[in-house]
Every structure is written in structure tokens, then in C-alpha cells.
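Undergrad: Below are the chains, spelled out letter by letter.
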Amino acid sequence: MKRIARSSLQTAVNLVFFAIIGTAILSATYYLTRDTIAATVEQAKLKLVSQLLPPSSYDNDIMQDIHTVAADEMLGTDEATQAHIARRDGQPVAVVLEAVAPDGYSGKIALIMAIHPDGSLGGVRVVNHNETPGLGDYIDIAKHDWIKTFDGRSRTLFKDEMWKVRKDGGMFEYMAGATVTPRAVIKAVNRALQYFEAHRDELFIADAQPAKGARK
Amino acid sequence: MTDYLLILIGTVFVNNIVMVKILGLCPFMGVSKKLETSLSMGAATTFVLTIASGSSYLVNHYLLGPDLAYLTTLSFIVVIAATVQFTEMVVKKTSPVLYQVLGIYLPLITTNCAVLGIPLLNVQAKHNFIESLLFGLGGALGFTLVMVLFAGMRERLEGADVPAVFRGTAIAMVTAGLMSLAFMGFSGLVK
Amino acid sequence: MTRLHSFHGGIHPLTHKKESTQSPIISAPLPAQLIVPFRQHAGDAAKPVVQVGERVLKGQLIGEPVGMISSSIHAPTSGTITAIELQQIAHPSALPDLCATLVPDGLDEWGVRQPLNYRQLSSDELQKHLRRCGIVGLGGAAFPSDMKLSHPVVVDTLVINGAECEPYITCDDMLMRERAEGIVRGIEILRHALGTDSVLIGIEDNKPQAIAAMQRAVDDSSHPFKVVTVPTLYPGGSAKHLIKVLTGVEVPSGKLPTDVGVQCFNVATAYAAHRAVEHGEPLVSRVVTVTGNVEQPRNYEALIGTPFSDLVALSVAKPDTNRYIMGGPMMGVELPAVNVPLVKASNCVIAASDALFPPPPAPMPCIRCTRCAQVCPVELQPQDLFWFAQSHNFGKAQEFDLFDCIECGACAYVCPSSIPLVQYYRYAKSEIRARDLEKRAADLARERHEFRQFRIEREKQEKAERLAQKERAAAEAKAAAATVIATPVDPTADADDTQQMRIDAALARAKEQAAAATPKNTEALTPEQRAEIEAIEARRAHIHELAADAGADDEPPKHSQGN
Amino acid sequence: MITALWIMIALAALLGMILGYASIRFRVEGNPLAEKIDAVLPQTQCGQCGYPGCKPYAEAIAKGEADINLCPPGGEEGIHKLAELLGVEFKPFGENAQPKPKAVAFIDEQTCIGCTLCIQACPVDAISGAAKQMHTIIAAECTGCELCVPPCPVDCISMVPIEEQLTNWKWRYPVFKLRQTS
Amino acid sequence: MLSSPFITRPLTVDRIMLRVLYALLPGITLYVWYFGPAILVSIALAVTAALATEALMLKLRDRPVRPFLADYSALLTGVLIALSIPPLAPWWLPVVGTAFAIAVAKHLYGGLGSNPFNPAMIGYAVLIISFPQEMTQWLSPQGMGHSVLTYGDQLRYVFSGVLPVGMQLDALTMSTPLDTMKTQLHLGMPMSDIRDLPIYGRLAGKGSEMVAAGFALGGIYLLIARIIPWQLPLAFLGTLFALSGIFNLIDPAHYAPPLFHWFSGAAMIGAFFILTDPITSPTTAKGRIAFGIGAGLLTFLIRAYGGFPDGVAFATILMNMCVPLIDAWTQPRIFGKKKGSER
Amino acid sequence: MTLTEIKDIAYNGLWKQNPGLVQLLGLCPLLAVSNTLVNAVSLGLATTLVMTLSSATVAPVRSYVPNEIRIPVFVLIIAVLVTVVQYLMNAYLYGLYIVLGIFVPLIVTNCIVLARAESFASKNPVLPSAFDGMMMGLGLTAVLAVLGGLREIVGKGTLLSGIDLLFGEQAKAWVIPVIPDYHGFLLAILPPGAFIGLGLIIAAKNWLDLRAAKKVSSQPAPETLPEAAQG
Ligand SMILES: Cc1cc2nc3c(=O)[nH]c(=O)nc-3n(C[C@H](O)[C@H](O)[C@H](O)COP(=O)(O)O)c2cc1C
Ligand SMILES: Cc1cc2nc3c(=O)[nH]c(=O)nc-3n(C[C@H](O)[C@H](O)[C@H](O)COP(=O)(O)O)c2cc1C
Ligand SMILES: Cc1cc2nc3c(=O)[nH]c(=O)nc-3n(C[C@H](O)[C@H](O)[C@H](O)COP(=O)(O)O)c2cc1C
Ligand SMILES: Cc1cc2nc3c(=O)[nH]c(=O)nc-3n(C[C@H](O)[C@H](O)[C@H](O)CO)c2cc1C
Ligand code: SF4
Ligand code: SF4
Ligand code: SF4
Ligand code: SF4
Ligand code: FES
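Listed in order, the protein sequences are those of chains W, C, Z, G, A and X. Residue numbers are given in this note's numbering: position 99 of the first sequence equals residue 228, and the series is strictly consecutive. Residue numbers are given in this note's numbering: position 56 of the second sequence equals residue 852, and the series is strictly consecutive. Residue numbers are given in this note's numbering: position 505 of the third sequence equals residue 657, and the series is strictly consecutive. Residue numbers are given in this note's numbering: position 52 of the fourth sequence equals residue 103, and the series is strictly consecutive. Residue numbers are given in this note's numbering: position 167 of the fifth sequence equals residue 1083, and the series is strictly consecutive. Residue numbers are given in this note's numbering: position 155 of the sixth sequence equals residue 335, and the series is strictly consecutive.
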């Protein structure tokens, strides 16, 4: 019995020793790189935003100017997201919204878009999708420029029936053999614009406390 | 209930851990020469993987929390390695017969990417405890399924007139490729 | 009417039986020379009991059974034994076997014949008699019939095999047509020996005349035997399948028919039993079909040992004949040469030509079409057996019941890929058997090796003990001496030194002794012997040196013992 | 940082204790693998593998010290069996370990001087005879290991390949031309 | 020395394959009748590619070329691939698919008889995954499209991708009936409305239902000629019928009726010509039933819920993976052994 | 370390005992992230780094570790190293870090890392161990590179796509369009292509080995080769 106890203890001490050293090294690295990582992540997001909005068009710290958007059917989201607000000289220039097209050919398509206060689109990007490679994936900017056709469109200029693929009588091009995907994206963007119309004013009010901790 | 069923179907077939997620390949290739051993290996992995996903959920949820996320990998792998080592010792003592069959393969489970991959995916997907368990179980069942099927085919291939340069692992790889091609048929089944 | 049963599979090849049933059985003339193999039956070969140059009478014992499964061999006619040597026989290996060459004297003089009344004999006595008379199964397997009559369990049905399911062969058919009475008498003898009540005689429906003749003979004999017509279906003549058809009983895999209370004999065996018991004639001749590519296909009653060439000459082989098959086309063997002798199991010889039996097209890979499985009477999966056999995966083949295969050839007959399936099975079976033997030999070797290790260990220990005893005695003596002489040298150092010296000496002696140790089967060595061995040892050491110089690769194995 | 340390220490201590406990509690002796390997080896005891007999070779394999392709008497078949048992790839024989055809030793009884040296060399006691008497080899028990050949001072032992006879004849693997005749 | 038996029945591999090819003729004829001759070009391309690849691989593997080319199995693979891709496909599509099928799925495994996967279906799967766009543009039946391509036009398109002036590929092609159904259901159209679309005929797709019937006819010939076992088509079609029937009864707005399933897509050709590939299907009767049921189930699942409009190809290769195990676990009782007794 | 030792270790790691081709260890990253050359090489180098360090750490530590916690301790060491590498990548190569995804932390369970720790580093001194780890890592990287290149060319018709993740925006110009106007053979980029591609590479290695063996053995021309039966 004693032998067992001693052995257990010995083993434990041994393992603990390595654990301490390991944890120490790890923690050190973590604390050393933490800020760089945070900066890099921010930078990456900024880079995405810059595809939607020219950086010269705003002058605020867009990453800090946040409005939390509750989950909404119109946006296709099922948890709260963050909208970033771009301002120039304090005046809102655009809001960067996340939306989801739930009815892609193979599941959800995650979108991000910049909407100007007048309801026109700064641009749309697909951030995540599972569409068939080679068929439905032309919505991805890495594959095709199709997504750029949204640039500058607005619901004031184009009526609801124009927000369709050409095949259904709308204004959007599509690739033969894959119309489910563009339909889903167009529908989602259109609905996001409608959401914007309904919530325009509150969207441009930044959260009182753009706390860091709120980030996922 | 249906949700849980879908998780199970999704992990076993649609997002099969080996064929689609490409995890756990070393044991998949290494222990699939014989049907019996692959079944046993599957069983052992199922056991460890289910425990690992459960306990790593607990570790992650109750010990680490969001602030210590950087310890995730470290703590998970230590828990897993200990589980495997413990299982090995217990099996060795309590059931020599089972140990005969699994003996060589048990330590291999530690280095099965799937065993660490599934807990990490669990964290990424923010699964709750039951979901984590099911995800682990489903992943392991999927692992067992493809490994057993693969072993069956490899046993049959032993008799085939495979070109010399392809004999052995090369044709096994090609077979695994065609299997994963087949598994693509499941895509879209569970969205 | 007996209700008939059926078995899975089977095939309907063209029977080609008409050709050889047109004329009655005739006796083949005495050949110039008879070659009688000593192994004509399943089991161990018989032991020759005659000398070269000895004159023998017809029916005289020339080979005596050895062991349990074995049978007697008799002189087929009177004449002189001119040789007992290895000669080519009808075997697919084309390897020779021990045969007696008998030059007939033309008298065909019978030795002593001792007819018996079977009713007064016990089963045991009958069995002994049949063994003495060299009666073996004439249905193909040539299994000693006496063995088949001894059975530990109750046998209630005797099945008589008159199916003759193989194409071309008609010897049983003709025998039944012409000698039905003898057959029925033989059946009664076998029935008596077995002690069964029910006797079923199964004959395929393509032999109406044989059926009629047998029915008549049975009616005449007033025995309650049943002649049953069974459908023509190859391999309906296989004992287990005939039993299934006639009685509905399936002989379990790996078991004998007697285990389910049935025994099966061929009609010709029954006839031979009749001749042996009621005429005292040992088995020295049989009916054999000569057919195929010959001018006069027919059946002969021929002496065992008749070269096939003689029989073929009688029927006149057509000029394009290029090989001969003993047995039927489904299960027979190709003769290595046409002059090999007729044996007890030879029911047929077929002259073959490429026109008659076109050589099969080159085999293609198996396409798993399972036509073979559809016809396999044992319900095996021949394509799997083939797959494993061709990849030398014998364990799996055995797992898939390779040893239940009766080698009937039905699978190969239908195989669209023309794969010689049966040969693969035979290959696999003989490899497995060889491996089993090897395994047993290895186990034996391990045992012997371990025993040897153990013995050496024990001997070493004993020797060490003996040595220690001697040492102790010597040390005591020396110690006594030392005190007497009383040297001024440091006693401890001296003690150590002498101790060391003594140990060395002892070790050397022990080594020497070990080298000359008495191994198994040897008595204690005399001094002369030891001297001689020492000389040898020296020579050997020299040889070793030479060998070592000659090259490193000749190095003796690391553990060469004894030095 | 401090919490991290504490957590890892607690975790490590706990698991370490469990494992340390288990290592004593569930200790197992012996090596059943070597025995399994030994069962596969041909027991010729010839030492051609470089080990003094089959058992030591089996132990060496079990310890992972020896390759599986060192036993010529076992043949390729033996390697396949070992590969299967150990779950490793088949490995062909090396240059200097090619199997020879099976043979048994034969003592030329005219030349034999009855020195008993061969008897001592034979690992399976397959030689009978006594000193100064003619020796004979019990063919059925001879494993063909050739160990008795070098010790013989008068070179009277030769290895005779086992010939094919009716009793040990085997059906051949069907060979037919699938290759082009060219 | 040869072993017994010395006689054989003269039905050889090439004759079996040839009969299967004959049995495809009614279906192909109807195909040409309804969709024009483009399919013949596809078949010719695929067959040429199949034979060329087969010959090349045999040469590389140092095996005799002639007997294996003459066994028609490669040819059959080629024809089946051609029948499963859109007829108006660019020339390289059947060529790439067939070459992959023969080279990788067949010859890397040792050629005829050794391949665990159905080569034609591997070829199809590779194509639909790699070139989904080209693989989803099917010809509309004759008289359905706004214009009709002449034989020469079809040829020219296949080889150069150029259509006659004023014609658009869009106008000539459509997605298959199954695909359209899937898309429309996705868009929320109820089943009844979908069936009123002009591309549908009485049972399923206009034209394609007749082609399916043609294949069924050929299949019945194969059944009668005992070239294929009955268990496979029966179990497959039965399962498909039963499942689609049940779902159609429960929710007719979202699930197509059984006959629709039978006569659209590859169900018929799959049941009689593809699942029945002897080399890649189980060898036991029970195993074949299990195989057929499994394939039927998977086909229905993929059609009803999956990402692909048709599931026959994937169901086939998924079930191919199970064949060794099915075979091992459905070994029949052998003569003289009790059922379920340990082998 | 003697020169022959160095040569031996290098030959083992790069060819004879190549982890990806012969030992079949470390397959998951090998197959999962080899869809482009850049991904493949990056993960390969990260793994090499971890392997070198872990082998170098395990070698001196080994003798102080009781057997029953050998694996946990080794794994712990590896995990620490991997996490460090992970954070460094996260901080300085963010784009790549996102692309390689879960496979960076999974270097921990990359079988080859532990396998070398167990089978080499635990029996050898520090320097050879570190060198062995590096060579094994490079062997894996080499296979990754070949496979990644192959898949990228066949699948996309380009080479070095994604290089900008490593070297920033200006590197976009370095992408080589190997086959211009290529249709794209998607299969190669998807998982089946990974398996089949690796199968082909293994076969190619077998072919090279076989050819080399034939060349060697063709000189003495041994008659002992058993006649190959039915091909
Ligand atoms: C394998 C496969 C994958 C497909 N993937 C997509 C996709 O990702 N996006 C899409 O819109 N359509 C996809 N489709 C095509 C749809 O099924 C459908 O044909 C098309 O969207 C309807 O187009 P149409 O209206 O031009 O006929 C796919 C089709 C197949 C066969
Ligand atoms: C080793 C062996 C032992 C046998 N022992 C008996 C036996 O004790 N009793 C018996 O009736 N038959 C015995 N037989 C004979 C078989 O039942 C069978 O009749 C004989 O092998 C001929 O079979 P046939 O089926 O060629 O196919 C034995 C056969 C063999 C091979
Ligand atoms: C495939 C096959 C076919 C057989 N056909 C016959 C046959 O037609 N006639 C016959 O007497 N024995 C035939 N036998 C042999 C029988 O199985 C059995 O050995 C014999 O009837 C026993 O009688 P016996 O010992 O008197 O020869 C056949 C055996 C096999 C394996
Ligand atoms: C009834 C039958 C069905 C067949 N079906 C296919 C098939 O679906 N796909 C295929 O590639 N070959 C098929 N073949 C041809 C051949 O079996 C196939 O090419 C082999 O799989 C090649 O080894 C078939 C052959 C027969 C007799
Ligand atoms: S030879 Fe064997 S496998 Fe073939 S049919 Fe006859 S019993 Fe069945
Ligand atoms: S009949 Fe011939 S080709 Fe058909 S499954 Fe049997 S062995 Fe194979
Ligand atoms: S080489 Fe000789 S001693 Fe070594 S294992 Fe083989 S038979 Fe035994
Ligand atoms: S007699 Fe010679 S060859 Fe035979 S086992 Fe003994 S030592 Fe070996
Ligand atoms: S790298 Fe080996 S299992 Fe993943």
C-alpha cells in the first residue's frame, strides 16, 4: 500500500514538474504575443472592410465604433452580431453589416456588406459558404467578380422585382446550371437592405460601451 | 431529439472524420490490414474518443473558461494521453485477451489526430456537453465504420493482381481516395 | 414410391453413354505383362510378400495390408513375378510407385478359393474376409470396404450407388444390366454385415435397362430392397448427395455417412463382395469402360494390372487421339502415359482428342458471376475459394470450407472464364496438408529441442554438484597438507591464488568432460575413446581455423555447442 | 498566469497520481508476444537467423531488436506470417539469408568413426548411435539445420534434399500463359 | 498437367458482356429517338477512350492486350459512362471520365475482376465532382427546345464548343427532371405544380422516361437470359418504390411518387446494368438483397435530401465499399452444415 | 555525430523511412493541407520546427521520466512547443494561420512527432535526435511539397497560389499560371485527390526503389527468383 502511495506521488510530482515548466513557457508566449495577435486579427477584418469601403472614405476607428445587432430573421442571423460604423468627420458614412443567406445550395452563406446611409450598397462579400466548387462558388470574390455586381445598387433605384436573377426576370447575371446560389445571395442582400431601411437610425448609434470583452 | 440524431448522422456519414475531415488517418491506414484488428481498434477508439470529448468539455468549461483558452490544446492532450495510458494499463491487467488484440494499438490512439481534433472542433462549434459527447461518439463510430469497410476491401485486395509498384500502401491510398469520393455523395444531406 | 429429395446445384453435361452400351461386356484377353501397384486403395500401401522370380497363382496374395486403412493385393493371374520396383502409375503426378511385374503363364490357374456362407458369419468375420480379398470401393475412392462395414453406431439404411453420374462411364450400367443377380447377392451380404433393414438402390433415370434388370433381380431374390430411379444430375452419384436424394438426410460436414445411420456402396463393390464371399475370389479384375475417341467403345472385364494401352488397342484408338483420361471427363485424371496399369479404382479410360475435348480457352480473371456457386452441389462459394487459393491465402480458404469441396468439377465446367478451379482447390488443399505436417514437425522439433535443453541443463547441474563435492574433499585434503608444510608466504594471498588455480583447473576439466560428455545413447567413455576424441577435437579445431581463415562468411553459427 | 499554473498543476498532479497508482496496481509480467512469435518459427534451431535458436530469435523480434526476415528455413511464408502477426509490412529476405530447399542430413555410414560430435551438435536429438559406433540420422526427426555438418571430423555428413515422392507430392499452382507469347 | 474437368460449357466472358451490350440497345435507340444523335458521338468517344486506356494499361502492366480488349468489359464501361453524362458534353468530358475509370478504378487494382468499385460509376462521380457545370447541362428532348441541332451542329459543338449562330446553349439544354424537381422544391414550388412543368411527361421526364423504359426492357431480357441475378434489381427497385411511396403518401407536396423515382434519372439503368456488375456486387443471394436495399435507401436519401440530384452513382460506390463485408457476413449454409453453425 | 551517422539519419528521414511515404505517419496534415504548394510547405516547415525542438527536448529529459507517464510527458512537451508555434503563426502569419486552421494545433497529435520522440529521441543524445527530428520533418515537408504542387497544378493549373499569405500583397505576382486557360480538375483539390495523389507518389517511390534494386541485382543475376506464376 505504501509502495503504491509513494509511486503515485512520485509520478504525480514528475508530471507536475513538467506541467509547471510547460505552462510557464506557454503562458509567457501567450502574453508576449497577445497584443500582436489582437492587432493582426483586427487588421484582417479591416482588410475585408476595406474591400467594401475605401479606407479614405472614413476617418474613425471603425473597429471601435460598434453597434450590437440582435439576431433577426431579416438578416438570417440566429445570434447577435456586430455592426461597424464608418464615420467621416463624425457623420456616418456607412454601416458594415453581417447577414446570412440560409437557403444556399448546400447550406448557409455568410455575407458581409457595407450600406451607405442612403440605402445604397458599398459592396458585398461572401465570408463563408459551402456551395459546390466549380459551380456555385462563383459568388466568392476569389473565384469570380460576380459579387461586385451589387456595388452601388439600392432598393430605391431598383424595385423588388429587379432583385432576381435574369432568368427569373431580374437584373442579376448568373452562371448556367447554378441559379440556386445567386438567388439565395440576392434574396439575402435584398432582405438585409430592407432591415437596414427599418432600422436605419438606430444602426448608426454606436454602443455606449464598445467594450473589448464583448468580442467573442 | 432529431437534432441529436442529425449530429450523429452528420458526424458518421456526412462529415466523416476520416473521409471528409481527414483526421485520424495514421491508424486508419495502419490498423486496417485485418478486419478483426480494425474492429477492435475501432472499439477502443470509440471508448477513448467518447471519454475524451466528455472530459475535455468539462476541462474546458469548468477549468479553463475563456481566459485560459491558450491552455486548451495542452490540457486536452494531457487528459487524453492519461486516459489512453490508463485504459491501456487497466485493459492489460483485467482482460489479457482483449489486451492481446488491442495491445499494440492502444498507445497509438494518443496520436490519433481525431482524438484531439474532435474536442478542439467541439470547442470551435461551441457544443454543449451532450452534443460534445455525441459528436465524439459519432466521430468515433464514423472512424470505426470506414476503417472496417476499408479493412474488408484491403483483405479482398490481397488476392488481386495489383501492379507491383502499387501493391501495399499505394493501392490502399487510392482505395481510400475512392472511398472519400464515395463519401462526397453524402454532401448536403445534413446542412 | 420413395419420396425423392434434391440437392442444390448440379449440372447436366452431355452423357455420351450410348456409345459404350451398344455391346455387352467382354473379357479382355490376357496381356503379355501385368503391372500390379501395391497402392491401389486409400490409406497405406500394401507390403510385398512375394519374391522376384516366384511363381504365383491367380488370386494369390502378393501384397499384405499394413496398418488400419489398407488392403490386400493379389496376383491377377498365374505367372511369374519378374520385378518388384518403382514404375509409373496412373497418377497426376506422373511419379512412380512400387509395383510388381507379373508375366502370365497363360494358364490363368486359380489358387485356393474358399467360398463362404455369409449367413453364418459375423460382421467381423466378413470384414476380415473382405480385407483378405482386397475388396475396396469401386465407385472411385477405393476406400477399403471392410473399414466401411465397421461402424460404432447403428446403421439403418444401406444405400447402393448405381447412379454413375459421370458422362461417358458405363461400367456400372453394364454390370447392372448383365450381372444384376450377383449384385443383389452382394448387396445382401453387405446388408447382412451392416445389419441394416432398409436398402435403397439409387440409379439415374438415364439407365432404364439397368433399372429394369436390377428390379427384376430384386424381385427374383425376394429381398425387400428398393430400386429407386433418381433424376440424372451430375454429381448425383456422390455418396453424400445420393444419400440426400434418397433419404433426405444430409451427412454433416466433416462427418461420415455412418454418423447419420447410412452407409453407401457402389454396385460394383457389392458385386465384388459377392464374388469374394460366395466364390472366394479376391478382387483381381473389374469392368472398365473404354470409350471416347475409339472405333469400338465398350466395356471390358479386365485384370487389375492390365496396361491401358492393351485395352485401348482392343477398342482401336482413332489416329488423332493425343491423350487418355482415366475416369470420367469431370473427375478423371489424365494418364501420364498410356501403358500405365489398370487399378481397382479405374472405371473408365477415355481416349481424348482436341476435337472431342477441345482445350479450354485461356483462362480469364474471375468475374464473380457466381455461375459456379449456382452449380456447386456443396453450396460452397467457389469464386471465393478460388480467390483465396490463387492468392495463397490458405487460412481464408479453409475458413470458407475448402475441405468440404468434393472436387466434382461442376464449377469449372460452367465457369465462363475457363478457370481451372478444381486444380486451384487441389493445390490449396495439398499445400494446407503439407503445412499442417510442417507445423506438426515444428512442434515436435520444439519439444525435442526443449527436452534436450532441459537434459543438458540437468546434466550440467549434476556435474557441477559432483564437482563441488570432489572439490570440497580435495580442498580439505590440501588444507590438511598445507598446515603440515607451513610455508612462510602470506597465507591469504596464497589461499586466493591456489583457490583461483584450482578453480581454473576444475573448469578446464569440466569443459573437457563436457566436450566428451556422454550424450544420449552412449555409455561412459573408456580412456582410449577419450584420447581418440581428443585427437579428433584437435583436428576439428584445426579445420575451424582453416575455415575461419577461408572467409568470414563461413563462420560457424554463433551457438555451436560443445566447446 | 498564476491560475494557469495552478490549473495545470492540479491537472498534472491528479493524472500523475492516477497513472502512478495504476502502474503499480495493474502491473503485468511476462511477454506473451515472444511465445506467439516462437510458435510461428519453424523450430529448425539452426541459428541462421543469428540467434542461438528459434526462441531467442522470437524474443529478439518481440523486443523489436530483430527484423522479421532473418529466418531462411521459415521461407517467405514464415515472413508473411510474422508480418501478419506483428501487423507490419512484409519484407523480403536479405542478400545473405535466402532459403535453401528442404533437406535432411545423411551420414555416410562407411566413413563415420562414431565420434559422437554430431550428436552433441544436433539440437533435436535426431541422431542415434553411440561412441565408436556407426551413427544414423532419424530422417523423420531431422529438421535439416545443418548444425551437425561442420563438427564432423571426417566430413561424413551431407545434406540430402528431400525428394518428391507420391506421399509428399503436392498439386501445383496452375500455371498458364496469360502473358503475351512474344 | 491439366486437372479435371476436361469438358466445359461454352459460355464465355466476352459473350456475357456482349449480351449486356445488346441489352442496352433498346434504351440507346430510344435515346437517339428522343434526344438526337449526339449521344452516339459521346458513346464513340467514351468507347475509344476506354479501349485505348485499357490497351495502354495492359501494355504498362505487361499483360496480353488482345484477349482483354476482346472481352468487351472496357467497352461496356465506356458505353455506361457515355450514357450517364450529358450527350452534348464537350469531347474531353467522356474521355477524361472513361480514362480515369479504366486506369485508376480498374487497372490499378489489377484489371478485370479485381476492381472493388464500379469503374463507370467512379468515372461519373469524378466528373460530377470535378466538372459540375458541364455535367448538369442536358439536352432537352427533341421538339422541346426552341431549336433543333442538326447532326453536324452537334458534332461541331462537341469538338469545338461552337454553336450555330443565334443559338444559345441555354436554350438547348435543361437540367434533368430530378434536378429541376430538386431546384423547384428548394424554391418552394409544390410537387403538383412542378409536375405540370413542360419538361415532365406522364411518369417522369418527357423522353427520359421512355429511355428508362427501354433500359428496363433490356434489363428484363438480361434477367430472362440469366445474365444478371434477380435479387439486385428487385431489392433496389423495391426499396426505392417503398420508400418513395411512403414519403409520397405522407407528404405528397414535397415528395415525388414512386413511379417518378423509377423512371427518372439512373434508376432503371442502375438497377439492371450498374448495380448488377458482377465484379463489384455481392456474390451471395442474401448479400445481393442487402446490397440492393442499401443502394435503394441511399439513392432515395440522396435524391430527397442530398446535394446531388441523383444518387444512383454514389449509392453504387458507397455500397461497393460494403461488398467484402456483405459477402463475408452472408455466406450461405453449406451442404451438411447446420444453419448458423460456426464455420 | 560522425559523417556516416549524419548521412544515415538524413537518408532515413528523407527517403528510406520517409514519414509520409513509408512509415505512413503524419498523414492527416499531409493529406488535408496539401491542396496548394504554399499551404503544404508552410505546415511542413512548422512541423519540422516542432519536431526538431521536441526531439531535442525529449532526448535529455527522457531519463528522468518514469515509464508510466512517458507518453503524457512527451505529449506535454510537444503540446507546449506546438502551442508556442501556433501563437507565433497567429501573430505574424495570420492569413496562413486561418488557412491551415485546426491543423496547426493538431501538429500535437501528428503521429510522426511522437513516433520520433519515442523511437529515436528517447534512445539517442540531443544532437542526433534534433537532427533526426529535422530530417524527418523535412522528409514530410518534401512529400507535402510534391503532393501540394501536384494537386495545385492538376487542380487549378497554377503554382504558388496563396503565396501572398506568406509574403504579403506584393507576392501575388509570384503566382505561376502553369497551364493557362485551365479548366480546373477539382477532384485533385478535394480530399479524394489528396489520397489518390499520395498513392501515386508512393507508387512512384516504389518504382524508383524497384528500378534501383533491379539495377543492383542485375549484375550477379540470381537464378533463385521464383518463377512468377499466373501474372
Ligand atoms: C453536383 C451538383 C452540384 C450543384 N451545386 C450547385 C450549387 O452549388 N449552386 C447552385 O446554384 N446550383 C447547383 N447545382 C445545380 C442545381 O441543381 C440546379 O441545376 C440549378 O441551380 C438550377 O439551374 P437552372 O435554373 O439554371 O436550371 C448543382 C447541381 C449538381 C448536380
Ligand atoms: C480417413 C477416412 C476414414 C473413414 N472412415 C470410415 C468409417 O469409419 N466408416 C465408414 O463407413 N466410412 C469411412 N470412410 C469412408 C467414407 O465414408 C467414404 O465412403 C469414402 O471416403 C469414399 O467416399 P466417396 O464419397 O468417394 O466420396 C472413411 C474415409 C476416410 C477418408
Ligand atoms: C463428385 C462425385 C461423384 C461420384 N459419382 C459416383 C458415381 O456416379 N457412382 C458411384 O458409384 N460412386 C460415385 N462417387 C463415389 C461415391 O461418393 C462413393 O465413394 C461411393 O459410392 C462409395 O462406394 P464404394 O466405397 O463402394 O466405392 C462419386 C463421388 C464424387 C465425389
Ligand atoms: C451485368 C453486367 C453489368 C456490368 N455493369 C458494369 C458497370 O456498371 N460499370 C462498369 O464499369 N462495368 C460494368 N460491367 C463490365 C465489367 O464487369 C466491368 O467493367 C468490370 O468491373 C471491370 O473489371 C458489367 C458487366 C456485366 C456482365
Ligand atoms: S469442385 Fe468443389 S467447389 Fe467446385 S462445384 Fe464441386 S464441390 Fe463445389
Ligand atoms: S464461374 Fe468462374 S468467373 Fe464465374 S464466379 Fe465462378 S470462378 Fe468466377
Ligand atoms: S533461422 Fe533457424 S534458429 Fe533462427 S528462427 Fe529460423 S529455424 Fe530457428
Ligand atoms: S541431424 Fe543434423 S541436420 Fe538434422 S536436425 Fe540434427 S543437426 Fe540438424
Ligand atoms: S497525423 Fe497521424 S492520425 Fe493524424
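Source of the hints: derived by calculation from the structure; they are not laboratory data. It is possible that some hints are incorrect.
[Stated by the list, open to error] With a Cα cut of at most 30 Å, we get these calculated BS3-like pairs of lysine-lysine:
1. X:LYS352 x X:LYS187
2. Z:LYS407 x G:LYS151
3. C:LYS922 x G:LYS153
4. Z:LYS199 x G:LYS142
5. C:LYS889 x G:LYS151
6. X:LYS385 x C:LYS829
7. X:LYS187 x X:LYS394
8. X:LYS395 x X:LYS196
9. Z:LYS378 x G:LYS132
10. Z:LYS591 x G:LYS132
11. G:LYS221 x Z:LYS199
12. Z:LYS199 x C:LYS829
13. Z:LYS581 x A:LYS1202
14. X:LYS303 x G:LYS114
15. X:LYS385 x W:LYS174
16. G:LYS221 x A:LYS1253
17. Z:LYS591 x G:LYS114
18. W:LYS296 x W:LYS176
19. W:LYS272 x W:LYS288
20. Z:LYS630 x Z:LYS548
21. G:LYS142 x X:LYS352
22. G:LYS151 x Z:LYS615
23. G:LYS142 x X:LYS196
24. W:LYS296 x W:LYS174
25. Z:LYS581 x G:LYS114
26. W:LYS293 x A:LYS1122
27. X:LYS395 x C:LYS830
28. C:LYS922 x C:LYS829
29. C:LYS829 x W:LYS174
Undergrad: Does each hint hold? Answer for all of them.
TA: Verification of the hints:
{"no.": "1", "hint": "X:LYS352 x X:LYS187", "in the structure": "violated, 38 Å"}
{"no.": "2", "hint": "Z:LYS407 x G:LYS151", "in the structure": "violated, 40 Å"}
{"no.": "3", "hint": "C:LYS922 x G:LYS153", "in the structure": "violated, 67 Å"}
{"no.": "4", "hint": "Z:LYS199 x G:LYS142", "in the structure": "violated, 47 Å"}
{"no.": "5", "hint": "C:LYS889 x G:LYS151", "in the structure": "violated, 43 Å"}
{"no.": "6", "hint": "X:LYS385 x C:LYS829", "in the structure": "holds, 21 Å"}
{"no.": "7", "hint": "X:LYS187 x X:LYS394", "in the structure": "holds, 23 Å"}
{"no.": "8", "hint": "X:LYS395 x X:LYS196", "in the structure": "holds, 17 Å"}
{"no.": "9", "hint": "Z:LYS378 x G:LYS132", "in the structure": "violated, 54 Å"}
{"no.": "10", "hint": "Z:LYS591 x G:LYS132", "in the structure": "holds, 13 Å"}
{"no.": "11", "hint": "G:LYS221 x Z:LYS199", "in the structure": "holds, 24 Å"}
{"no.": "12", "hint": "Z:LYS199 x C:LYS829", "in the structure": "violated, 51 Å"}
{"no.": "13", "hint": "Z:LYS581 x A:LYS1202", "in the structure": "holds, 28 Å"}
{"no.": "14", "hint": "X:LYS303 x G:LYS114", "in the structure": "holds, 14 Å"}
{"no.": "15", "hint": "X:LYS385 x W:LYS174", "in the structure": "violated, 44 Å"}
{"no.": "16", "hint": "G:LYS221 x A:LYS1253", "in the structure": "holds, 28 Å"}
{"no.": "17", "hint": "Z:LYS591 x G:LYS114", "in the structure": "holds, 24 Å"}
{"no.": "18", "hint": "W:LYS296 x W:LYS176", "in the structure": "violated, 34 Å"}
{"no.": "19", "hint": "W:LYS272 x W:LYS288", "in the structure": "holds, 29 Å"}
{"no.": "20", "hint": "Z:LYS630 x Z:LYS548", "in the structure": "violated, 72 Å"}
{"no.": "21", "hint": "G:LYS142 x X:LYS352", "in the structure": "violated, 48 Å"}
{"no.": "22", "hint": "G:LYS151 x Z:LYS615", "in the structure": "violated, 39 Å"}
{"no.": "23", "hint": "G:LYS142 x X:LYS196", "in the structure": "holds, 14 Å"}
{"no.": "24", "hint": "W:LYS296 x W:LYS174", "in the structure": "violated, 35 Å"}
{"no.": "25", "hint": "Z:LYS581 x G:LYS114", "in the structure": "violated, 35 Å"}
{"no.": "26", "hint": "W:LYS293 x A:LYS1122", "in the structure": "holds, 28 Å"}
{"no.": "27", "hint": "X:LYS395 x C:LYS830", "in the structure": "violated, 34 Å"}
{"no.": "28", "hint": "C:LYS922 x C:LYS829", "in the structure": "violated, 36 Å"}
{"no.": "29", "hint": "C:LYS829 x W:LYS174", "in the structure": "violated, 47 Å"}
Violated hints, in rising order: 1, 2, 3, 4, 5, 9, 12, 15, 18, 20, 21, 22, 24, 25, 27, 28 and 29; the structure is consistent with all others.
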